[in-house]
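*Asks:* One-letter residues, chain by chain:
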Amino acid sequence: MQPAQRAFAGWNMIHPRVLDHTDSILPGMIPDESELSAGVRIVPGRRYGFFTDTSLCIGCKACEVACKEWNLLPADHIGLTGMSYDNTGSLSATTWRHVTFVEKIRGADGRRVSILKPFQSDWLMMSDVCKHCKNAGCVDACPTGALFRTEYDTVVVQQDICNGCGYCVPSCPFGVIDLNLYDGKAHKCTLCYDRLKGGLEPACAKSCPTDSIQFGQVEELQIRAQKRVAALHKLGVRNAYLYGVPGSPGATCDIDSLNAFFLLLDRPEVYNLPTAPVLPAARVPEGLALGMLTMAGLGLAAAMCFLQGRRK
Amino acid sequence: MAKPFRDKLVKAFQDWSLPRQIVGEDAMSTAAESEGSRRWRPRLEQADRVGTSICPYCAVGCAQLVYARGNDVLHIEGDPRSPINQGTLCPKGAATIGWMMNPNRLTKVRYRAPYSDHWEDRSLDWAMDRIATLVKQTRDETFVRHLPDGQTVNHTMAIAELGGATLDNEENYLIKKLFGGGLGMVWIENQARV
Amino acid sequence: MPSLGASFGRGAATTAQWDIANANCVMIMGSNMAEAHPIAFRFALQAKEKGATIIHADPRFTRTSALSDIYAPVRAGSDIAFLGGIIHYLLENDLWFKEYVLNYTDMANIVEDDFRDASELDGLFSGWDPMTRSYHIDSWQYKGEMARSELAEHYAQTSMARSETFKPGTPGNPPTDPTLQNPKCVYQILKRHYAAYTPEMVERVTGCPKETFLQVAETLARNSGRDRTTAWCYAVGWTHHTTGVQMIRAAAIIQTLLGNIGRPGGGILALRGHSSIQGSTDIPTLYNLLPGYLPQPKTNAPHSSLKQYLETETAETGWWANLPKYAVSLLRAWYGDHARSDNEWGYQWVPKITGDHSQLPMTLAIRNSTIRGLLLIGQNPVIGGHNTHLLRMALPNLEWMVVRDIFENEAASYWYKSPEVERGELRPEDIKTEIFLLPAALPGEKEGTFTNTHRLIQWHDKVVDPPRDSRSDTWFVYHLGRRLKNLYADSVDSKDDPIKNLTWDYGTQGPLDEPVVEAITKEINGYTWPDRNQIAGFADLKDDGSTACGCWIYTGVYPTNDHNQARSRKNDGPDGPGTHLGWGFAWPANRRILYNRASADPDGKPWSEAKRYVWWDETARQWTGYDAVDFQLDKRPDYQPDWPAEPKGMEALSGKVPFIMLSTGKACLFVPAGLRDGPLPTHYEPVESPTANPLYAQQDNPAAKKWSLPGNTYHAVADSNYPYVITTYRLTEHHSGAIPTRMVPSTAELQPEGFAEIPPELAAEKGIENLDWVVISTARGAIETRALVTDRLRPFEIAGRRVYQIGMPWHFGWQGYATGDIANTLSAIVGDPNTTIHEGKAFTCNLRKGRLRAGT
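Residue numbers (our numbering), protein chains in the order written: chain A, 1207 to 1518; chain B, 127 to 320; chain C, 5 to 860.
For reference, chain A alone in the conformation it holds in the complex:
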């Protein structure tokens, strides 16, 4: 209609396939629904992830709810935390999306401001999630093979294998993965592995009212994100940057890049994110040597005990 609307071909554009499904009652799910909701057809063998653009986040927590309702996760805490509007506190085994709220209402001079920067400012809100690291500490640490990299290049805990050893918990530099009190196993975001197999956009990204959470192929998302940063810089939002793309904060050490990466408007620490996360693997040589030494010692001790026992 209005040329203005036509010219606007953003990520939230209406997909032509909406015209293929005009019945009110449908016989089943819409095939490749992700194409309608995110403009992405999901193909195994490609690399998928999230671009969480905090400049668009309104802190509504639809992502938290959509995640819990899809993945049948219980509430983990009912009580005020006093931390702005954040009452879930952090990511956990039962909270796979978590929205952080940081109130920065006063300017440098201590006064409350009225003229704001475009898009989100002054009250920071960021929906955190498992980063689905390109090189994931949790996968490396898992001794059972429960943690694996899927055909979508996402990281998933396979519940039929996990024995709850918990080695993955300290291995995650972002503090994402956690053991659950109910079954003792490790849990975290699966990037809706089941939904991807069915051609569905992950629940959080699909529900996000302002498309602050965008789902897609990581390479495409990275290009989109770079453009977004450039556009924000042009609008005077000089503090916008990416967290988790190659060479940026969050993608340090051997992590390389995060399949779930972020556009942030303040230092990573403000959002409880490490600026330079470190993989446990980086400490493997010394760790391994120490471990082997320990094993050798233990083996020796065991052998001695055994021998002593026999002698009796």
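Keep in mind the hints are simulated off the structure, nothing from the lab.
Don't take each hint at face value.
As the list claims (entries may be wrong) - The calculated lysine-lysine pairs, modelled on DSBU-like cross-linking and capped at a C-alpha distance of 30 Å, are:
#1 C:K421 x B:K234
#2 A:K1310 x C:K214
#3 C:K770 x A:K1323
#4 C:K214 x A:K1440
#5 C:K489 x B:K234
#6 B:K262 x C:K489
#7 C:K770 x A:K1310
#8 A:K1310 x C:K54
#9 A:K1440 x C:K54
#10 B:K262 x C:K102
#11 C:K214 x A:K1323
#12 B:K262 x C:K499
#13 A:K1323 x A:K1310
#14 A:K1403 x C:K421
#15 C:K436 x B:K234
#16 A:K1310 x C:K853
#17 C:K421 x C:K436
#18 C:K54 x A:K1433
#19 C:K214 x B:K262
With chain A fixed as given, assemble chains B and C onto it according to the hints.
*Replies:* Frame of chain A; chains B and C shown alone:
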């Protein structure tokens, strides 16, 4: 007996990621996929009937898809075809399934007798008959045809109806028609005022 | 929404939500859009992506403010001072859209000589009667005119009869002065009225810094005109005041002066709070309306016969000249063959109202036992009502009460679980009420239509049966009606004629005997009588009994016997015009932007290519465009009424005027009739205010509805016992009375407890730390809650004094996982004079650290 055991052992070894990593296998190999992962599919695929609904919360009017198998609702999520929400939902809308399938949901008629300190279970039929009797009785006792000055009013001031603004248009229509046009009630109000 | 009706002719949102994406500026005031309507805010952000400026004016810095470009802090209840300041700025700097305003509005109209403005009478307009606390509005009329067609929806929503304003006059357009020099022309009146609303005064009254205010005014002006449009969004942040109607009126004046009504990316979007709240107004379960905004017959108007009713209510000119067709068709729909021309089509069976029977007086009528039986269908007034302690103490006076809900809500459980029971003020063994709690069904378990905030009627499918005893409200009302008809079947008493004669033949289906909902939708749409062929448009309705129609403005929603347009799911797709005419049905006649004739200039050409929407096609000799045209399709832009022939109805409107529901076709900057508290928005303080009115001697809205009764007393102005302003609001994580969200773990954990937001400066004075328990009290009651100390609330400097304001969500109650004391225990029963909407957004209170409950 020995062969299955050996297969199991081989499979367990294959499922174990360490050897895989040692030989530098492709990260996205399906070799590490467990049986459970292989079988894991989105439950929406089980739906044999998907209806279009409208979110029952605010007045934005987001469309939802209700996925059902038989008489069981599997899930509710945003309808990507809607020009309003394009598949998205806010936290309330995303919790619609939690409302519908809620274990605390009231599904039986409850009745509290005068001066009683507890609820009792009654049948829906009994309650409907009793309510109809009370409505008639109150109306008949209080119906006013004319005001003292002779004006015809044909109303009762003794029964009130207060509705929520999540009522369907058809529900509102029947309420106004029956209670107003049929019974002469004038205290008919709705959240729509506020 | 009488304000929009009085200004433009229809009391509903003028635009579609998705059209916000076409705005160059989005002004949000009286709304916390990102929190209360997140998906609508999606379109504000789409506009932002294309370069629009987003402005939020609000007492609190909210999640909406965080996404805005300008945040203007405004003390709760001072909005008209802010908006009046904008009007002042536009007029003083000559920044209004002249060609639009002079052609499409009453700017040049001349008002009666004896009109006196509030600027002359210290806050009152001419015609004030202190005895009745109401206005005689003769002096507000356009010179020599009878007040024509003040009807529209707004009218019926006020309790004033149209006849009060009816006086004979000369036919033809009211006298005008296109030079705008006449001191009694609307332009000059506006200038005088808002002369005092200077930027300095705005700062003094609202607390908003002058510079910020000017930035807002300048941004609005810069983003309006031929090539640019500003969209305006408001919600209950405006309606919940004793001056709420006039706040919206002020926005209507601004948007009209800027030429933003009826145009893409413009308009006023009323963001309403419930899935079918617009529908509940259109097909009103409201005491003073019949479906389609026909007035409910009343005793204080000449309504004693149908003839009188029609004579009084029918406008001479404009679309409302058709009212008799809609009234008679409604009576035919209700009473079928029992409605005959010789019994006034059953008119006398429709009950007459004798006063204000809205929710606030209803509370008092329960207290004094006038009301003996109460049916609560999907409402939880113990949370959402006002002065709810008074309500809880009044409910035991009922003989019987029916509650229909999805959960056992607070209204159903007050008799054994409320704080009053806890404190021993109520004891179940003393309560005589017979209570029925009936489980209801949800969309997905029942079918029917919702009408959303932009008048879009959408069908929801039934996918599964509701569980066990749960039933739709359609089922409940239908089967209750069936039972009552049986009980009355043998009656020979004439008082029982209406229930006996009511048409109730919808049929039932399925194992639950659900009534056939589409049969009801078909009746709402209208059909021929007696053969019941669906009618495609309201132009086909008749006043001779040959058509039956349940709600004329919905005609077209079920236009043929086998087509349900509300169920149509055809999105325009990426290449379509983006008006989505195939998705659902927008009343009236599927128009997405109302008054869209105004998107073209007086000659019928688009104001600019960028804002092309509908236009006159000379070759086809009709109006065309991207939307269903809100105008007579074949009326040429140069059509002029033949005044000597005394034209009636639409013939009396020229081809230029877009506001066809009004008798002159022109938007009312100055409202001669239809509002009870003045023709122009005027700043009055809230009924409870921390300050004297800095603008006038008149402190608060002179016509406000007050019920100063024991248990419902009001605080004095600047009462030192109640020194703080309190505003109540919603959170994105909960819904209204919040039973559905407090009961669901995934939403309950997000906002798990009641709290009050307190600015750090006040917290420091009171020794309150974050998460401390605090007690908030008013003359109506006291509650305890947790403190959330936040910079997002700020102290205001008002008329040289520091004023603190606290905020509190009103969602909480004792049921569910997320609980808290009920904020509306604090609020008073006091209402806007036009709508009787309460003042929950601005009242005063006291605050202390500590708890209320003994032993804690």
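*Asks:* Against each hint, give a clear statement of whether it holds in the structure.
*Replies:* Verification of the supplied hints:
Distance hint between K421 of chain C and K234 of chain B is fulfilled; the C-alpha atoms sit about 20 Å from each other, no more than 30 Å. Simply put, K1310 of chain A and K214 of chain C have alpha-carbon atoms about 23 Å apart, close enough for the 30 Å limit, and the pair holds. Distance restraint check for K770 of chain C and K1323 of chain A: the Cα-Cα separation of roughly 34 Å exceeds the 30 Å cut-off, and the hinted pair is therefore not satisfied. Our distance criterion of 30 Å between C-alpha atoms is met by K214 of chain C and K1440 of chain A, whose separation comes to about 28 Å.
For the suggested pair K489 of chain C and K234 of chain B, the alpha carbons sit about 26 Å apart, so the restraint of at most 30 Å is met. At roughly 10 Å between alpha-carbon atoms, K262 of chain B and K489 of chain C fall within 30 Å of each other, so this suggested pair holds. A hinted pair counts as satisfied when its Cα atoms are at most 30 Å apart, and K770 of chain C with K1310 of chain A qualifies at roughly 23 Å. Using a Cα cut-off of 30 Å, the hinted pair K1310 of chain A and K54 of chain C holds, with the two alpha carbons roughly 27 Å apart.
Distance hint between K1440 of chain A and K54 of chain C is fulfilled; the C-alpha atoms sit about 14 Å from each other, no more than 30 Å. With a C-alpha separation of about 61 Å, the suggested pair K262 of chain B and K102 of chain C falls outside the 30 Å cut-off, and the hint is violated. Restraint check: the Cα-Cα separation between K214 of chain C and K1323 of chain A comes to about 20 Å, which is no more than 30 Å; the hinted pair holds. Between K262 of chain B and K499 of chain C the CA atoms are separated by roughly 12 Å; this keeps the pair inside 30 Å, and the hint holds.
Annotation: proposed proximity of K1323 of chain A to K1310 of chain A holds, straight-line Cα distance about 13 Å (limit 30 Å). For the suggested pair K1403 of chain A and K421 of chain C, the alpha carbons sit about 48 Å apart, so the restraint of at most 30 Å is broken. The straight-line distance between the Cα atoms of K436 of chain C and K234 of chain B is roughly 23 Å, inside the 30 Å bound, and the hint therefore holds. Under the criterion of a C-alpha separation no larger than 30 Å, the hint pairing K1310 of chain A with K853 of chain C is consistent with the structure, at around 26 Å.
Straight-line distance between C-alpha atoms of K421 of chain C and K436 of chain C comes to about 16 Å, which keeps the hinted pair within the 30 Å bound. Between the alpha carbons of K54 of chain C and K1433 of chain A the distance comes to roughly 15 Å, so the proposed pair stays at or under 30 Å and holds. Of the supplied pair hints, the one linking K214 of chain C and K262 of chain B is violated, its CA atoms being roughly 62 Å apart against a limit of 30 Å.
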